[in-house]
Amino acid sequence: DARVTQTPRHKVTEMGQEVTMRCQPILGHNTVFWYRQTMMQGLELLAYFRNRAPLDDSGMPKDRFSAEMPDATLATLKIQPSEPRDSAVYFCASGSLGTGHNEQFFGPGTRLTVL
Amino acid sequence: QKEVEQNSGPLSVPEGAIASLNCTYSDRGSQSFFWYRQYSGKSPELIMFIYSNGDKEDGRFTAQLNKASQYVSLLIRDSQPSDSATYLCAVKGSNYKLTFGKGTLLTVNP
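Protein chains in written order, with my numbering: chain A, 1 to 115; chain B, 1 to 110.
Isolated chain A (complex conformation) (with noise of 0.2 Å):
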């Protein structure tokens, strides 16, 4: 049964340090997403990658985050150094862009805290 995975589940961290997070797309999807979702904000895109390379990552404070597909099976974000208003849960959504209506199929979410 093909699933968006994404380890840790759940992650709590003190101010400063890093933290990174991993997925797995679902096998032969092409695109993968990379969202946050706050009670205030929604679900916020943060970045996207086709066929690997990154597309847009315009929703992302630079700064401190990193998004990176290093093959078609993983892809990571990055937080260094982390901060309190990081806390969140972040969802990897894979997709198949240019074919159909490119629906976006989500991950379970990393549930992040930073104390």
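Rather than coming from a laboratory, the hints here were simulated on the basis of the structure.
Treat the hints with caution; some may be incorrect.
[What the hints assert, rightly or not] Below, computed lysine-lysine pairings styled on DSSO-like, alpha-carbon distance capped at 30 Å: (1) Lys67/B to Lys102/B; (2) Lys11/A to Lys56/B; (3) Lys62/A to Lys97/B; (4) Lys56/B to Lys67/B; (5) Lys78/A to Lys102/B.
For this one, chain A is given, so just place chain B on it according to the hints.
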């Protein structure tokens, strides 16, 4: 700023009733429209998409789109307590990005 607006709710309906969820969007160039359901503590789950004006039905769910009015809605017939969740409207523009509304919390009372 491309915006997607939803009434935050909560929308409360009795079991068996029709729940009507509404969404407006600002970008006239939007191409496809999606409804996601999100249970508390879970990830968004795609339930329907629509891209042409009119109605699209899938089981108890009907999506309605009116591009002239920049309005999309989701009707849930014969609402069940298991339908209680937050419903997110998402709009896709020409750049493949989805812009999400903040969601409407639906509660179906037994």
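Outcome of the hint check:
no.	hint	verdict
1	Lys67/B to Lys102/B	20 Å, holds
2	Lys11/A to Lys56/B	40 Å, violated
3	Lys62/A to Lys97/B	19 Å, holds
4	Lys56/B to Lys67/B	14 Å, holds
5	Lys78/A to Lys102/B	25 Å, holds
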